[in-house]
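Taken in order, these protein sequences are the chains called H and E.
Just so we're aligned, residue 870 is where the first sequence starts under my numbering, counting upward by one.
Just so we're aligned, residue 652 is where the second sequence starts under my numbering, counting upward by one.
Take these hints with a grain of salt, some might be off.
[What the hints assert, rightly or not] Okay, the calculated bits of chain H under chain E, using three or more residues with CB under 8 Å as the criterion: (1) 895-905; (2) 914-928; (3) 979-988; (4) 1133-1140; (5) 1214-1222; (6) 1400-1407.
By construction, these hints were calculated from the structure, which means they are not laboratory data.
We put the CB at the ideal spot given by N, CA and C, even for glycine.
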Amino acid sequence: MTGILLATAMAAPLMDVLSDELDRAVEVFGAQPEKPHYIAVSVLEDHSTSLSARSGTMDFRDDDTSRWLDVDLRVGSAALDSTHPLRGFSALEGESRGRIRLPLTEGFALRHALTRELDARYREAAEHMVVLRANQNVLVEEEASADDFEPREAVQGKVELPAGEIDVAKWEALLKAASARADRSEHVHLDEVRLKVTRERVWFLDTEGTRLEHGRLHARLAVDLSTTAEDGDQVQVFDAFDVHDPASLPTDLDDWIDAHVERLEALRKAPRGEPYSGPVVLEGRAAGVFFHEVMGHRVEGHRQKREDEGKTFAEHVGERILPEWLDVVDDPRVERMADTDLNGFYRYDDEGVPAMPATLVEDGVFRGFLMGRSPLPDVPHTNGHGRRSTGNPPSSRMGNTIVTAEKTVSRAKLREQLLKRVREQGLEYGYVVEDIEGGFALTGRMMPNAFNIRAVASWRVFADGRPDELIRGIDLVGTPFVAFSNLSAADDAPQVFNGTCGAESGWVPVSAVAPAILFDRLEFQLKEKGQDRPPLLPKPLPEDDGAAEVSE
Amino acid sequence: MIPLVAALFAAQAQDEALVDALKAEMERAGELKLPEAPPLYALRYRLAMLDQRDLVAQFGEVLAEDATPYHGLGVELRVGSPQYDNTGFGGWENGFVRGSLAADPTPHETRQTAWRLTDRAYKEAVEQHARKSAQFTAPDDYPGDWVVMGPLTADDGWGELSGADDLKARVIALSDVFTPVGHELLVGRVVLGQEAGGVVLVDTDGSRVRRPLEETTLRAMAHLRTDDGHLLTDSRLWSVRQPSQLPSEAEMRAELEAMRDALVARADRDVLADEYVGPVLFEGPAALDVFRYLLVPQLEGTPSEVPFDSWFGDLGEAKSPVRVGRRVLPEGWAAHDDPTAHPEHPSSYVHDWEGTPAKDVHLVEDGIVRDLLMSRVPRKGLEPNGHARGFLGFRASGRVTQLEVTPKKAASHGKIVKKGLKMAAAYGRDHLVVIRRLEEDAVRSVDATTSIFSMGDDDALRLPPPVEVVKVFADGHEEVLRGARFASVQRFVLRDIALAGEQREGTFMAPISGDYSDLSPTEGMPTWISAPDILVREIELVPAGGDPRDRPVLTPRAAK
């Protein structure tokens, strides 16, 4: 792990190099007819240690450090600049931006790469401005007229990161043993147990004078098991621990592995569900993803400015959209909740703005949007949610989306309420969605403004008291307002979903925290189904190859 | 960085254990049987164990570095019969699959991977056989899909990686050659790709062939944007078995310095102003490239796949037809390919990718194609000749490996120029055009996303643009131009060679499948080629300038 120490030692010179080249770019571009009004330079240094085991042996090991450059350059003025979306046929204009790798040293090669990217971004922005002016001239006025950029006071900050070192030999042994344990099941067709420790350092500077050095330490321990059911369904079980400090990861993995093997085998045998409409309880993790997809993406500020977006909540600020006992806030500053580290934690966003809480819903009333530095007509300020993965321009994104219920019931009471709704609606059973793998939302105008929560494990809960039945093969679907109007109760034990969210500005780590929530009515649709027969021959087990002793 | 350990997986004992695991799974595969499916008649496993190293250095600094070994398993499964099986038909779910093996492979993990891949390959093969049967009825003279040869056994050794640490310093130092003019360049880079180890082939015929892979490839490249927006690129390639075979660092540095200086000087040259039609002398690497692009595809004889008529169009390879008996070179010319001729070259092998012993194939005699390079996929009247090249998961095909093209007679350089000038005069020109190097698509793609091949021609055989165009006058003085590309290039160009000159040799990287533009700078199969300089009676060149909008506004400061 010497790379980490080396990188830390070189932090100051890198900022100096970046600052020097930025100053020069300002001078050169300032002499051009099209002038930038803002330039930001960001360098991400990513040191990751990846270990992965399968079939009781090390499948992959890597220790890598890489640096990536992003230049955000705006030509024009804060009121109208080169990031303004084009409309109509001109919107087909190409973009050349991509991931730019930098050397780990601060010599000529780094300066060269930075200069080239500054130049490329400038020329593209200047060209865009020419087309944009004509676009504005030719087409009707836009629905939402707001500035393209919010100038801000400079921010200075430096955050030291812990080293995050791990004992590689110890972890290899743990992963191999865990993998070997999963491999003992004849039905686990592929097992992977992975650890990835990532230490990201960020250097950010801009023409407003902001200078930031910060970053993120993250570790993920994950198990990923898969099989093919008799009906052809590809059944997968995935679970992960996401932590800010690898030292806090569990090291006794037996029960964890056993539980997921057991779950995979149960899911393999479980029947597929059916299209359904009726009462549903979303467990906390599933409810968190529900809010992420149904609300979160729709309240991203930049979507309120695009002519092709659905703008679901744009006209509902100050109106009740949820029960009065529910609050929703996105607060990236929260490091930990419900005994779980939050993946969406950060100190500064990717536009150099300190993270701030964004109140989305208060007492059931919609209050506002997730904002980066692209203002809305009535929302002139960022709330520190401008995010991206390298190679993309930042846009407003979620961090930690936290749903809080003031009025809660116990878990047992929530189940009682579910069964009551089932009986009231004359149904045989209701559903509890226990585990999900993520979801997606359509927010544009050309497609239905629907959401899909990708359920992995759901339970039928029968009105007549029969034992609950595990179900696979169904996804939760719906539209936002109808879904919200059916929300009726929450339990008192919030859970955390940690994941990575993909959108226009790339993949960013996020969390969603929510209690279990009862909906009077939600809808399931059939999930796509695999068509492959299970393997024709039985899986070679460790004992077939005399591998048990080696693996354990 | 994970230390690079030479021959980490070369231990034969480990190979043996993994191969035994594969054999156990191969034996079990005999039980694979779906109702009414054609029988499995051939199953081949290829176990690839390669130490690999990739390094990219730009202007004296490391840009990227990786040393992750590659352990892979390829499965080739055939159902039906050798006369008609699931192969040779378009599409990609066809019974050829591959997967990675663990970093620390064990017999158990290897066997499980084989189990998963074989199951997939079998199901693919059965369905592909049905698709093929539904759309393709073999004609009476169909040569079949596979040549049965019985068990093949060989142990050709195992490759080892050496000198890796020394090379890192050299790559960095060589990339630093570009630093003094770095402020004028877009790219000044040296890329290293190394792999060593080998592949073990086992099959249901009882074959067991162990063959080494050993390759160290360096590609140096520089790109420059002229004031009028023209992108100039140049590159040098070294591909050897072992680092010790490379020229000295001083020699490599000198070559790159010369390339660098010529590139910078070229920026100030005039652009080809008018279309040129007339004789062209291809010298050195440019001559080799003419044969690479125009002759090589006419010598590789594996039949194209029958196209799969899918709902979105035909799927399958789109190769130009190759024919025995076709004149491809002037009278008296010859070409042969012998993979064993230069054992020191990384392309060399004793047994091909399919385990067939390599043969010296006399491809062209008296300018006419007499034989073709063949894999075990048959072609009417031709036998396998040990020229199958490929990689895991692909259908291997007959490919050029070590090609030597020789003229009936060679003329001196002076005589060629004199003859060229005389021919040029017939076109009303006072000079002969000489081209010494063509651009390299795999290099250009580092900084440009589009292929550099001439557009608009109606033949699949095309030439990349020349690095520079040199006008040679009768008094011997030269004038260098830039900004040209070839037009209307056809394979018949090679029949139009007026004179041959000095015999040259070199290496190019051949794509395993697809096009040269798909390759990264060090990717592909090293291929040795030897051919003479050539004076071609008529070539068309047209201006190909740049776009001034591409000219940088902000250029780097000169390195201190």
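Would you check chain E against the segment 979-988 of chain H, counting CB to CB pairs closer than 8 Å, and say if three or more residues qualify? Our answer is that it holds, as 8 residues pass the Cβ test (under 8 Å) against chain E, meeting three.
8 Å C-beta criterion, at least three residues: is the segment 1400-1407 of chain H covered by chain E: holds (count 5)
Against chain E, does the segment 895-905 of chain H show at least 3 residues with beta-carbon separation below 8 Å? Check passed, 3 qualifying residues.
Are there three or more residues in the segment 1133-1140 of chain H whose C-beta lies closer than 8 Å to some C-beta of chain E? Result for this restraint: violated, n = 0.
Take the segment 1214-1222 of chain H, compare each residue's beta carbon with every beta carbon of chain E, and decide whether three or more fall closer than 8 Å. As far as the segment 1214-1222 of chain H goes, the hint is violated, because 0 residues have Cβ atoms under 8 Å from chain E.
Are there three or more residues in the segment 914-928 of chain H whose C-beta lies within less than 8 Å of some C-beta in chain E? Our answer is that it holds, as 6 residues pass the Cβ test (under 8 Å) against chain E, meeting three.
The earlier numbered hints that this structure contradicts are 4, 5.
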